[in-house]
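4 protein chains.
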Amino acid sequence: MGEKLVLAYSGGLDTSIILKWLSEKGYDITAYLADVGQEEDFKAAKEKALLLGASKVYIEDLKKEFVQEYIFKALKANCIYEGNYLLGTSLARPLIAKKQVEIARKEGAKILSHGATGKGNDQVRFELTYLALMPEAKIIAPWKEKEFIDKFKGRQDMIKYAEEKGIPIPVTQKKPYSTDENLMHTSFESGILEDPATAPDDAMFKKAIVPQNAKDSETKLEIVFEKGIPVLVNDLSNAKKISGALEIVKHLNKIGGENGVGIVDMVENRFVGIKSRGVYETPGGTILLKAHRDLEGLTLDREVSHLKDMLMPKISELIYNGFWFSPEMEFLNAAIEKSQEHVNGTVKMTLYKGNAIITGRSSADSLYSQKQSSMDEEGGFNQQDSKGFIKINAIRLQAHQKREQK
Amino acid sequence: MGEKLVLAYSGGLDTSIILKWLSEKGYDITAYLADVGQEEDFKAAKEKALLLGASKVYIEDLKKEFVQEYIFKALKANCIYEGNYLLGTSLARPLIAKKQVEIARKEGAKILSHGATGKGNDQVRFELTYLALMPEAKIIAPWKEKEFIDKFKGRQDMIKYAEEKGIPIPVTQKKPYSTDENLMHTSFESGILEDPATAPDDAMFKKAIVPQNAKDSETKLEIVFEKGIPVLVNDLSNAKKISGALEIVKHLNKIGGENGVGIVDMVENRFVGIKSRGVYETPGGTILLKAHRDLEGLTLDREVSHLKDMLMPKISELIYNGFWFSPEMEFLNAAIEKSQEHVNGTVKMTLYKGNAIITGRSSADSLYSQKQSSMDEEGGFNQQDSKGFIKINAIRLQAHQKREQK
Amino acid sequence: MGEKLVLAYSGGLDTSIILKWLSEKGYDITAYLADVGQEEDFKAAKEKALLLGASKVYIEDLKKEFVQEYIFKALKANCIYEGNYLLGTSLARPLIAKKQVEIARKEGAKILSHGATGKGNDQVRFELTYLALMPEAKIIAPWKEKEFIDKFKGRQDMIKYAEEKGIPIPVTQKKPYSTDENLMHTSFESGILEDPATAPDDAMFKKAIVPQNAKDSETKLEIVFEKGIPVLVNDLSNAKKISGALEIVKHLNKIGGENGVGIVDMVENRFVGIKSRGVYETPGGTILLKAHRDLEGLTLDREVSHLKDMLMPKISELIYNGFWFSPEMEFLNAAIEKSQEHVNGTVKMTLYKGNAIITGRSSADSLYSQKQSSMDEEGGFNQQDSKGFIKINAIRLQAHQKREQK
Amino acid sequence: MGEKLVLAYSGGLDTSIILKWLSEKGYDITAYLADVGQEEDFKAAKEKALLLGASKVYIEDLKKEFVQEYIFKALKANCIYEGNYLLGTSLARPLIAKKQVEIARKEGAKILSHGATGKGNDQVRFELTYLALMPEAKIIAPWKEKEFIDKFKGRQDMIKYAEEKGIPIPVTQKKPYSTDENLMHTSFESGILEDPATAPDDAMFKKAIVPQNAKDSETKLEIVFEKGIPVLVNDLSNAKKISGALEIVKHLNKIGGENGVGIVDMVENRFVGIKSRGVYETPGGTILLKAHRDLEGLTLDREVSHLKDMLMPKISELIYNGFWFSPEMEFLNAAIEKSQEHVNGTVKMTLYKGNAIITGRSSADSLYSQKQSSMDEEGGFNQQDSKGFIKINAIRLQAHQKREQK
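Residue numbers (my numbering), protein chains in the order written: chain A, 4 to 409; chain B, 4 to 409; chain C, 4 to 409; chain D, 4 to 409.
Because the hints were derived from the structure by calculation, they are not lab data. From a predicted model like this one, the values you see are computed outputs, not experimental measurements.
Since the list gives no way to pick out one identical chain from another, each pair is judged satisfied if it fits inside one copy or across any two copies.
In silico lysine to any residue, SDA-like type, Cα no more than 25 Å apart, as pairs:
1) LYS257 / VAL227
2) LYS79 / HIS309
3) LYS209 / ALA248
4) LYS209 / ILE360
5) LYS317 / GLU344
6) LYS317 / VAL346
7) LYS102 / ASP44
8) LYS341 / LYS405
9) LYS7 / LYS46
10) LYS177 / GLN386
11) LYS66 / GLU320
12) LYS51 / PHE151
13) LYS28 / ILE143
14) LYS113 / GLY382
15) LYS374 / VAL267
16) LYS257 / LEU65
17) LYS79 / ARG273
18) LYS141 / GLY382
With the rest of the complex left out, here is chain A (with noise of 0.2 Å):
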């Protein structure tokens, strides 16, 4: 038998392809089917994997562990890259890899391998994720390998050869573009969506409706929060009472989808140092962000609301590169666990056609008073001390000025 190699698997033509090369290369192959939310049938999935000459297969459910760690942490910090993107695909790469490196350690295994281009972000996330946990970890990544990028040049290669190992081939049309999806969000990327000139069809979205045919009521909600995270959602529209971080996310991607909460076009720098351009949906995300923001207005401190959105940038930057599993994350997100001790309470919101309208606000951490910042009375707050504040932050102003009139 071969050497052990851990692969993940997806189910689809491309790893199932790769399957079938590294097992007639002769490795002892472990594919390995992550469950972060897509859909899938994984009971196919395996049994494909088992016929294409894995020796073993794994599927495992990493929903849970993605919402409360990956997703939630996200969340804390009030991540988005270049002001638009959720990092849906950037949370779940390193969790995938992680219980890879977990699945190749309990396999005894030192290969790992994974179906991600050369020119994307999802290889570094999967490689540097590997190598970050296993540092002996041996990779095989067959887009980069040139045998294999030279017997698989084009689409019609892969087809051929599927049809020679006996690989299914999906009956369904290709798609005109790729998808990532997961319990976050689905991207779109690649194919016609090349152009960045060119909007994306509205028949794409497969969580979200585009706002322009979102239905045309109203969904009124309560988001309440523990410590920087959604513990319960008070459906008001539908009369449901939600808990659990997996079943909120779930029900706030339904009821954002539905409003049509979530889309966003945008061209986006990747790691390797090319534009590309995406399309995502993150109906559950945006809302959670939305709510989050708000909620720290009410709670946290303006000096740590204003650092944090100084190390924001960086923080995303970090998830998107693929170092989620790095000494500056531990480092900063010890900083961004300390800014959340106060971040409880509840957050109105109204989704409507694209919208998640803030509509309300209530802590039992508010640092906000009514008095202090009421015009209507002093509340405490002395408004002849006005003067000296800023007369004093004046000073160096003034003596500028001065330097400047010379």
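With chain A held as given, fit chains B, C and D onto it using these hints.
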């Protein structure tokens, strides 16, 4: 004749009373009314000021300067305070105060006065600008003067004084909140808005209709940018081409408002250390910010973009806190200006019920390469290079992990 | 009996006069003298305070807490203000003020008082700490009270008052500058030092000899760190091993001072907006900072180290400005603490005439690999990987250049 | 004739062998030798290059450009990498590579070659510059070519090849470490320095004497800056006035070196992810950095200074990592340039046995006001303003504490 004083006069009840009060204290008052795009009967305001004792009245049309030198500078930096506020009032104040200083210089006045209270941000923005540009200025801010505050403890005192002194009292019912209006936005705060748990009334808004009440049809448009600044709006739905800084902002306000774009509701942190609930409508600014950011995705280098993202909160904080005229703003703006050299191109958008949807972008200065980005061709990108790229990036992660495993 | 008040009392002329003045105003005064390592006859100071009207005197030995909870926390972050100042006074003030609040709580006093002036940083550090820990505190700072300032316009007024009231006047000639002394440093400012063009007198220094007058022999030592904190000093030249936080700092002050280490002279920026000339001697602190930073070179991940470098000026600014007890310090310190987990090891140094020279370092937690670093062997590093690494890093630079060339 | 290639040639054994090896592979080689201030017999090097097969030799005097456009730019930003390294080599590499690209353009060559290894930083600095300025460049780095590495496994292989090919072998014993020398510094690494626990030999240094062996007398001097750049050195001890960028650096190297200034020993983080031990001597640069920073204390606004402190580590990292020619450097440099407008004035220093002691500073552009700073007079500063200043600053700390107490 008394000491010369220039008063930032709005025409409303507060600054009318202040004008009269200062006049009775014997100051030689120049009333100054800045036109930054608010709704106002400037002629009537002028007459009222003269009636109340102003020896001279200036009405300054600052609209164009406001757009070109303030709104567009913030746009270049993608400024947004605490994730939501587009700084409409914060941007107008330094301009208003700068012109007031110029008038003071022309009139030989040493005293500057304004009607902002001691709890808010505007006092800071006025006074820091006064002192930054005219270090020798003396400031009279009646709402921070004991004598004035003792005299005017509530609205009743003000109405009584107005009646005694023949100050016209607005016939319209006082609104149950305060507003500030200019070309960029209308702000709403105080009064019934002081309860952050309660949503504002849909009827409150002036520039924008709430998404729920917005028109059913879309508005499609294109915005052309040169060096980070909009130079043309092609309103496809209304078959109009608009150029000119001021005209562009006005038109975007109009179509943005009709489509319910740009309303935000937040709890924010004032520079004086208190939290405050603010509601804003910024239709045109919201559209421009979204379009500008999108075009930067296509035309800006990744690292410049990420540096801008890190510095943006700082720049926004400086604007919010009244440090528009400061050496640190000059320092940061030098970098921002540099970054905009290639931010040229066209962004296509659809406005619809609160959404400003990007539907495409193009630029002769694009850094995006379809070939390079494509998953279907090499496009000058050797995917095998990624192997070394990732391995080298992993080296310190591996070292970290090896130590952890010890 | 009057209202209870706790005065931060130094034993010197200023706070003696303040004590008497407050006493005559009828306050029931608890004098509180903090021992942070300064030279002082605490017994005599106590007697003097009682003589001048204090109803109670606290003398608090804060030395150990100062080292462990303040000096070492700043050390972990490599704090240095504006490139030079090691924050000796800034670190002591919050501790002194915190203990004062504790005494006020114990004594049931609501009023806190100190002798710092209105132009300096110490007033801010005292008062921000008072209010941060005891929000309801009332503060009396006589040097900002009109009545007090009017009475004491110059030193002559103070001496006259002292003579009238029987306040002992120090027999020693008043020094032509001010100093503040504690375990970490002595600061010198004001008086003849106010001319930034003139060097201080060599004889002024207390803890350190200027390099030109330092002894001719070297002192060799080793410092052992655990989790970023020094736990052992091996003084090789004097054949002594010193452990214990307080003893380590004292010993490093002694040998550092003999070798002329740690004198700086700078123009710095005070929080109140004015520039100030300060001269400092920080022998032990300088040695520790240099050693700590060096050990981080060996044991800290690069990206963590660079994040620390970016945040260090902010942390130092917060300490300098009196925000030791603030949510933003808690936020940043959480990250700093995390970073120190592996900062273990030994640094070898030679002290000689102003120099603290690193002569070697070692650590069981080293991230340095001689094999990997070596130019003479592969050491697990495939140099060909660098090709791809550089090419991928160059991609966006090439795109930028191609656009420039158009 | 073969393909044209420009080789960065040093005259040493490595690049001589590379020249010969490339020549034998049939390339038409232009050897290029940059004079950045290193000790070198350029005439002999030229003859050797021609002898070894170069068809043409360029010797470029880059000294003045190096000082004015590279060293001084870094000085303006107070650049220092990881707290210690003044970036001497990092600053020279992009200039050397830029000129190499210019020669390639002139000669019509498409291929650029250098002798740096695959583990170090210099390969990155060379190649990123090549590709940033000449995106179409082809690069041959023999130390990363399998064929070359296989052939030259150790020094013995190189000597054997040199003997076979008639390449002159330096008669001097190879030093047990590597060095790089230019006007700014000499670096020492590798070989016996690879053990970070062992101090370097005192005799190793070229530009500076170790403090212990430095002369017993002081050197007093004044440095005059204009817009952040030194324009005059007044060497008081030697009664010389030196002007001219290049002459200033040379003179400061001389007197700095005699006084033992500017030696550092550190473990640093390379861009390729490995830690490396480096020893550097930078006498003139150290003096200039210290003087420049000091003058900024007098002439720079506080907030600009603090922003520079925050950005400095990033700028230094970019320089270290080879991103001198990059959009992000242009972005940051625009701000740095702006900041230097008023950095004019004179700094007085004393050099003595490793110390560069500031003894005074003055400037017609000073922002320091003795009156304002003085504790003995009001100086236009109303100390009572500080009350309000502190109270307002404390408001959010009080709110935070009140919540904690709940």
